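*Asks:* Here are the chains, one letter per residue:
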Amino acid sequence: MSFVKLTASTLAIAAVSATAAAARDQVQVAGSSTVLPYASIVAEVFGENTDFPTPVVESGGSSAGLKRFCEGVGENTIDVANASRQIREKEIKACAEAGVTDIIEVRIGYDGIVFASQQSGPEFSAFEPSDIYNAIGAQVMKDGALVENSFNSWAEFNADLPDAEIAMFIPGTKHGTREVFEDKVLLKGCEATGAMQAMLDGGMDEDAAEDACLDVRQDGKSVDIDGDYTETLARIDANTNGIGVFGLAFYENNTDKLKVATMSDVAPSTETISTGEYPVSRPLFFYVKKAHIGVIPGLQEYAQFFVADEIAGPSGPLANYGLVADPELAKTQEAVANATTMGSGS
Amino acid sequence: MTDASMDNPPPARARSLRQADANTRRRNAAEKRFRAYGMVAILTGLFFLTVLFVSIIRSGAPAFTRTVVNVEFTLTQDQMDAAESELFKTKAYSNLFIAALQGKLEERGMSVEFDEAAIERLLGKVGGTLRAHYKEFPDDVGKPVPFELAASSRVDGYYKGRVNRETLQDSRFLQLSDLDLVDALEEAQIIKQAFSWTFITGADSGVDNPGGAGIGAAVVGSFFMMLVVLVLSLPIGVAASIYLEEFAPQNRFTDLIEVNISNLAAVPSIVFGILGLAVFIQFMHLPQSAPLVGGLVLSLMTLPTIIISTRASLKAVPPSIRDAALGVGASKMQAVFHHVLPLAAPGILTGTIIGLAQALGETAPLLLIGMVGFVARGYPDGFVAGFTEPNSAMPAQIYTWAARADASFYEKAWGGIIILLAFLLTMNIIAIILRRRFERRW
Chain A
1 MSFVKLTAST LAIAAVSATA AAARDQVQVA GSSTVLPYAS IVAEVFGENT
51 DFPTPVVESG GSSAGLKRFC EGVGENTIDV ANASRQIREK EIKACAEAGV
101 TDIIEVRIGY DGIVFASQQS GPEFSAFEPS DIYNAIGAQV MKDGALVENS
151 FNSWAEFNAD LPDAEIAMFI PGTKHGTREV FEDKVLLKGC EATGAMQAML
201 DGGMDEDAAE DACLDVRQDG KSVDIDGDYT ETLARIDANT NGIGVFGLAF
251 YENNTDKLKV ATMSDVAPST ETISTGEYPV SRPLFFYVKK AHIGVIPGLQ
301 EYAQFFVADE IAGPSGPLAN YGLVADPELA KTQEAVANAT TMGSGS
Chain B
1 MTDASMDNPP PARARSLRQA DANTRRRNAA EKRFRAYGMV AILTGLFFLT
51 VLFVSIIRSG APAFTRTVVN VEFTLTQDQM DAAESELFKT KAYSNLFIAA
101 LQGKLEERGM SVEFDEAAIE RLLGKVGGTL RAHYKEFPDD VGKPVPFELA
151 ASSRVDGYYK GRVNRETLQD SRFLQLSDLD LVDALEEAQI IKQAFSWTFI
201 TGADSGVDNP GGAGIGAAVV GSFFMMLVVL VLSLPIGVAA SIYLEEFAPQ
251 NRFTDLIEVN ISNLAAVPSI VFGILGLAVF IQFMHLPQSA PLVGGLVLSL
301 MTLPTIIIST RASLKAVPPS IRDAALGVGA SKMQAVFHHV LPLAAPGILT
351 GTIIGLAQAL GETAPLLLIG MVGFVARGYP DGFVAGFTEP NSAMPAQIYT
401 WAARADASFY EKAWGGIIIL LAFLLTMNII AIILRRRFER RW
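Just so you know, the sequences run in chain order A and B.
If you read the first sequence in the working numbering, its first letter stands for residue 1, the second for the next number, and so on.
If you read the second sequence in the working numbering, its first letter stands for residue 1, the second for the next number, and so on.
It is worth saying that the hints were derived from the structure and are not from the lab.
Given the structure is predicted, the values throughout are model-derived calculations rather than measurements.
All C-beta atoms in this analysis are idealised placements derived from N, C-alpha and C, irrespective of residue type, glycine included.
Be careful, since some hints might not be right.
What the hints assert, rightly or not - From the structure, some residues in chain B lie toward chain A, with a derived Cβ separation under 8 Å:
#1 I119
#2 L123
#3 R165
#4 I200
#5 T201
#6 S205
#7 R377
#8 D381
#9 A405
To be verified - Below 27 Å or equal to it, Euclidean Cα-Cα: the simulated DSS-like pairs (lysine-lysine) are:
#10 A/K257 with B/K160
#11 B/K104 with B/K143
#12 A/K259 with A/K184
#13 B/K160 with A/K259
#14 A/K259 with A/K290
#15 B/K143 with B/K192
Based on the sequences and whatever the hints tell you, model everything.
*Replies:* Spelled out as structure tokens, the structure:
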């Protein structure tokens, strides 16, 4: 019955090891899939350059990451949450209720959101927020009246754009990117086309009008992509007229397949985003539990390493991959070095 | 009976038996048609299997080769000390290497123009490999050491047809003029394609370093998970089904259990993931991202499959075997363990392998217990650590790669599928060998 003995001993080993492993020695990170590539670059380099083990970086989205972050303090909770948006009041409160009171906010840089189409497709080279709104907004201005969107071609509302069928692939509502897309493109376009004013004149209050501006048409001309950018890329590959919403880094990695359009006459690049000229960008963050510093080896070192000039600066590997370096990095470095928590003099 | 048939002889046939009448022909034709349907069904299956295999192998084969730069490099002690004093040490190593390569190329007198930035664009992330080498072999400092280092993913793509001169747009990753340098270096036999052991034995790497990424660590993670699944679900599953099939009384309670087991087999795997997160990690405080927890979750998923197939194969053992054993005075337990179980063993093994194969390919429950992401970063040190140190699994690693921006990771995802299939095939072969041995012993 050697099999039984083997079984028993393996089980025993597994049980013993489970208790022995309670002391965690590596940093655990989870959160935004937009920050994941940058975090994985830093994690690899951190493991190669220091004596600490390589941190574990999971994805799952900003909200999911922050939710896990706010579960409490202790070795079986994560140390760092990546986020492609700032932490919300509600989340800070949830954190505090679970005992996570001291949170260090670290801004790592900026990410641009670009509009790209197939390399060999129609000449989509310049957009305004109003074009995007006219193409996919639920209600648009047509001949001076607010009507259900029935545009089929880009040329119908802007003669400068190609006479190609409208097919937009936008991030689904679970993505942090969607929020930026709504704020910086749809809402702006809604205001610019006069649809917003028409809604207000029609008796809506301001909040209702803003919500109505963010509605996209449901007739298949605009498709929500719930997966990641690779899925959007596959859709563009299959549709000559397709226009997708991508992160700048993803586009730069796929310039052989995609061509990018300007937004409000500004071409997206790390330069135009860092100066703020290119309108559709957002800051990226990670949040550190102060209570874990000193408990989990390497946590503060990881945070400091992440924002060091050599890594997150304009000539570091993150910028090389497509992150737009933060001009105020020095301030962030200081805050991380002093472990300055949110709300305490920042 | 014989008399009766003699009294009423069958009606005499009008023609010889050798000549088929209309009815026989119709029946024969129906049979032929049925056989043809069967053949068509099998051929359709084979066709799709071939399409699948060809596309997997075509897309995955490039992952097994990589473009490397073959150069001899000497690191002096001073250079090493200087590099070690910096924060970003691997970058310093990589800069030293670039400078050395540039010097070497200028000495040789290359026909094309190039600068330091061009060399940097051609090379992958070499600093990590260099530093790891000198950490492991400190005696190599000061001596010329031949290195085979990964080229950048764009250069790799140029060799594999992903990047070509027509569609290439100058970017900070690669410029058109760099391709001339690549061609010149190939002539000088500095750049070449080589089989990539790194892909098979390496661990996952950052998104900007596809040349250093491998699936080895994830294979190890999968292996430890399968070990947990096997050790837990096989004995528990077999014991449960023997009890239910041979000893348990037939009543409402056992009926309820039976219905529940059948239902559990159909529960979506993500449900087990949530259960695992709540029970094993949040309640029992087992480590996150550990193959131990992954194995426990997958065991829960595999148990119903094993129980159902084990019960089916126990049922398939003819009752005469049991009766004979009981008849010569064996106890019920002796009858089951000496006679029924060995006969059912091949069926049990088949069910176990199906269950394990299912578990091997599962990603959804792993998402929730932290095994998907940038996790598989190295081999566990030792057998025990294999269960508890954070690791990923093959399907999770493939999923992660497929989502990355750089196209060469997509190719690696296909390569990972080949490795996954090879792992599965090995498991099946082991099962077949074991099954044969069990059959002979009885």
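*Asks:* Would the pair B/K143 and B/K192 pass a check requiring their Cα atoms to be no farther apart than 27 Å?
*Replies:* The hint holds at about 24 Å.
*Asks:* Take the shortest C-beta to C-beta distance between B/I200 and chain A; is it under 8 Å?
*Replies:* Not OK, violated: B/I200 not within 8 Å of chain A, min 19 Å.
*Asks:* Holds or violated: B/L123 as interface residue toward chain A, Cβ cutoff 8 Å?
*Replies:* violated, 13 Å
*Asks:* Verify the interface restraint on B/S205: the C-beta must sit less than 8 Å from at least one C-beta of chain A.
*Replies:* Check passed: Cβ of B/S205 comes within 6 Å of chain A, closer than 8 Å.
*Asks:* Please check whether B/I119 passes as an interface residue: C-beta within 8 Å of a C-beta belonging to chain A.
*Replies:* violated, 15 Å
*Asks:* Does B/R377 pass the interface hint, meaning its C-beta sits closer than 8 Å to a C-beta of chain A?
*Replies:* Where the cut-off is 8 Å and the nearest Cβ of chain A is about 4 Å from B/R377, the hint holds.
*Asks:* Against the 27 Å threshold, does the CA-CA distance of B/K104 and B/K143 hold or violate the hint?
*Replies:* holds, 16 Å
*Asks:* Would the stated hint for B/R165 survive a check requiring a Cβ distance to chain A of less than 8 Å?
*Replies:* violated, 11 Å
*Asks:* Return the status of the interface hint for B/T201: holds when the least beta-carbon distance to chain A is below 8 Å, violated otherwise.
*Replies:* violated, 17 Å
*Asks:* Hold the hint about B/A405 up to the distance rule: shortest CB distance to chain A must be less than 8 Å.
*Replies:* For B/A405, the interface hint holds, since the closest Cβ of chain A sits about 4 Å away, which is under 8 Å.
*Asks:* Between A/K257 and B/K160, does the CA-CA distance stay at or below 27 Å?
*Replies:* Roughly 16 Å between the alpha carbons, so the hint for A/K257 and B/K160 holds.
*Asks:* Run the distance test for A/K259 versus A/K290: straight-line Cα separation, threshold 27 Å.
*Replies:* violated, 43 Å
Hint violations for this structure: numbers 1, 2, 3, 4, 5, 8, 14, all remaining hints satisfied.
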